[in-house]
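> So the protein lines, in turn, are chains X and G.
According to this note's numbering, the residues represented by the first sequence are 1 to 426, in order.
According to this note's numbering, the residues represented by the second sequence are 1 to 426, in order.
Hint data in this document are derived by calculation from the structure and do not stem from the laboratory.
Treat the hints loosely; a few may be bogus.
To be verified - Looking from chain G toward chain X, a few residues come up when the C-beta cut is under 8 Å (computed):
id: 1; residue: Ile105
id: 2; residue: Leu195
id: 3; residue: Tyr206
id: 4; residue: Arg396
The beta carbon of each residue, even a glycine, is placed where N, CA and C say it ideally should be.
Number of protein chains: 2
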Amino acid sequence: MTQLQMAIQGIASPEILAVAESENIDPQKLMKLIANGEVVIPHNRNRNAVPTGIGSQTSTKVNANIGTSDIMCNLELEIAKIRICEEYGAHSVMDLSTGGDLDSIRKIMLEESRLILGTVPIYAVASKLDRQGKSILDFSPEMLFTEIERQAEQGVDFMTVHAGITKWSLQAHDMRDRLLGIVSRGGSLLKRWMLSTKEENPLYQYYDKLLDICEHHDVTLSLGDGFRPGAIHDATDATQISELIVLGELVKRATARGVQVMVEGPGHVPYQDIAANVQLEKSLCHKAPFYVLGPLPTDFAGAYDHITGAIGGALAAASGADFLCYVTPAEHLCLPDLEDVKQGIIASRIAAHIADIAKGLPNATAVDDKIAKARREMDWETVFRYSVDPKLARQRKSETSSDLSDRCSMCGNLCAIKTDKENTLD
Amino acid sequence: MTQLQMAIQGIASPEILAVAESENIDPQKLMKLIANGEVVIPHNRNRNAVPTGIGSQTSTKVNANIGTSDIMCNLELEIAKIRICEEYGAHSVMDLSTGGDLDSIRKIMLEESRLILGTVPIYAVASKLDRQGKSILDFSPEMLFTEIERQAEQGVDFMTVHAGITKWSLQAHDMRDRLLGIVSRGGSLLKRWMLSTKEENPLYQYYDKLLDICEHHDVTLSLGDGFRPGAIHDATDATQISELIVLGELVKRATARGVQVMVEGPGHVPYQDIAANVQLEKSLCHKAPFYVLGPLPTDFAGAYDHITGAIGGALAAASGADFLCYVTPAEHLCLPDLEDVKQGIIASRIAAHIADIAKGLPNATAVDDKIAKARREMDWETVFRYSVDPKLARQRKSETSSDLSDRCSMCGNLCAIKTDKENTLD
Chain X
1 MTQLQMAIQG IASPEILAVA ESENIDPQKL MKLIANGEVV IPHNRNRNAV
51 PTGIGSQTST KVNANIGTSD IMCNLELEIA KIRICEEYGA HSVMDLSTGG
101 DLDSIRKIML EESRLILGTV PIYAVASKLD RQGKSILDFS PEMLFTEIER
151 QAEQGVDFMT VHAGITKWSL QAHDMRDRLL GIVSRGGSLL KRWMLSTKEE
201 NPLYQYYDKL LDICEHHDVT LSLGDGFRPG AIHDATDATQ ISELIVLGEL
251 VKRATARGVQ VMVEGPGHVP YQDIAANVQL EKSLCHKAPF YVLGPLPTDF
301 AGAYDHITGA IGGALAAASG ADFLCYVTPA EHLCLPDLED VKQGIIASRI
351 AAHIADIAKG LPNATAVDDK IAKARREMDW ETVFRYSVDP KLARQRKSET
401 SSDLSDRCSM CGNLCAIKTD KENTLD
Chain G
1 MTQLQMAIQG IASPEILAVA ESENIDPQKL MKLIANGEVV IPHNRNRNAV
51 PTGIGSQTST KVNANIGTSD IMCNLELEIA KIRICEEYGA HSVMDLSTGG
101 DLDSIRKIML EESRLILGTV PIYAVASKLD RQGKSILDFS PEMLFTEIER
151 QAEQGVDFMT VHAGITKWSL QAHDMRDRLL GIVSRGGSLL KRWMLSTKEE
201 NPLYQYYDKL LDICEHHDVT LSLGDGFRPG AIHDATDATQ ISELIVLGEL
251 VKRATARGVQ VMVEGPGHVP YQDIAANVQL EKSLCHKAPF YVLGPLPTDF
301 AGAYDHITGA IGGALAAASG ADFLCYVTPA EHLCLPDLED VKQGIIASRI
351 AAHIADIAKG LPNATAVDDK IAKARREMDW ETVFRYSVDP KLARQRKSET
401 SSDLSDRCSM CGNLCAIKTD KENTLD
């Protein structure tokens, strides 16, 4: 049985109990949320990932995209990225590799870490075709389902499928007003194949087959947004919302079959549209967990898109988004290196934590209160311990003062906290 | 006459005309906003700073705090920081020096740049007392007014004064519930002196004298928030709001005298309180421009507080705040170095730009649209030109591809934009 099926039947699986404990939430309440499709625990039964709850009333989670490309392919680097993900507190990793021996890269990633792991199976299909000198027009639905099945057997915990690009949503959409058209790799490939063959999207046409595979292995579906905007100009248009309407239908069909499902969201979205995008997903997709890519509320911050993504992600999560896909400083420019991965994770964790405070989660507020008290007492060790990056905070503090004294180089003798303490003594 | 007095009389000063042009706003409309106290142009008549409008319907501005401390005092470093401020697009610099020969440091800073320059005069007084081995209890009101007058003559464009800490607001306040008490240096010093001497805050008691000086030189007052929260736990409490009520009274008295005035705001504020803090300032302070310090919606991100500040600043500015004081990665840990200054400016500029799009300013949206079109055309030069940091964006792009070709190391051959262009050709 899947975690969803167990929750519906009132069976508290070890994973449900573990999530209830880490989230500080009553197991019965959590089971109800899972049964309603509001929370998922991506947990392929062929693997043993850390039980991780994603969805309403749980803390906001952070995903890190890693993986090779045909231009940069270095397995050791990718394994080092996984270590960074673990060290800096990502909750999930997506292997988006498109270069090298994809099956064995994925196998190693699944073994190297217990973080939940996601993939986009169509990348492997497209990448194999590309290496054979073929194009996406040589694609067949069987290739994709064979790939999905193999990855499910390998233990992949969640998979992105662009099943919302259908004849109907293609018909509804009008790209003429967009500045950037389609920026989803999976989306652009499927559209290319569909326009050329006049066939329906196989992920939609054979969705029941997909659900069979996912139910069998308890793979969580992540319904991708192939029509997501790639520029703030293109956001929240008919194209994007038509696809979201289809995703809502697919959410219903998945949960009815006992398959866990979440929905992916944009992308490039102006700040003033972010809350509405979250509300729309929750409404059209029956409260399924919302997994946002950023979002990025400006296009002008190349080399700093981790900050742009944190600004958008904090607002999205505070508005109800559940899962933040990080954006690294390398986004739009090159494949991320180790430092990019670290910066991306930390920026998204800050956004997630800020939103968790706004969501009223007591675990989150408690951290800030501990730090505030420690600052008053100039107890630097406690400040560091609860900080998002203890190592760097300690290093910066020590740059200009050799000990952990009560003096720092910013205020020197004119320290407000010290002056104010004298007031308390009066 | 001050810019405010000219605006009231319908005189379009060269500064008003320059701001109208750079903000793409009708000069008559701008004059009305200035006359209403909703926009200020800090512009000491003894200096010739770049005319910079701050307030409603103008673009969000960014301030960079620089300056020495008694532990780190290096004038060349501070001048290099000014260069960074100019290169990366800060609109304003505050010299918060407390170490070295403060008068000559300030003089050099005023000469080195045409960015508007602000100070906190009480720092100079406290710093001189400290160097003489005296405490703030040896302070006299005359010292402070002499300092303010000297700085006004030197050409300082705006000054932070903590005039809202009064016998009344001290009485109203109850610090017992706070975790961090007072974290404003000026605020803690004035409170210390007031509790000890039982005297009224001289900045409040002799406020008319302060207005005389400001009117004479057209110094813009920046009403400091000495009671600002230093931890999200302490935000939006009676202490903070009592002071804001006094600041509202002082705004009215300043504008009635023809003195330009803005109001400073927190500080550490949980995300869900930020919009209310902006609305409260606009309401209690008669729509005076709001100059926020961050705000920081979490206390746990030491060494990354530029990101925390950008998350808070974007929401504050989108909610109506007009002027963002940057926060650097060094905040709470040490005095910022050159890289910190750069990171702080860029993070705040991203927040300001995101908010300007949300505010509906056409100048802001136009930048993003140019970049989106250039991305579609793989016109990297145009992407770089309009990016927040063209140099770094170019450097990152070139890391893994030697030319500005249409291939980057992230997607390699599987580029969605290229695939989608093939669709357009069908």
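> Please flag the earlier hints that this structure goes against, numbers listed from lowest up.
1 and 3
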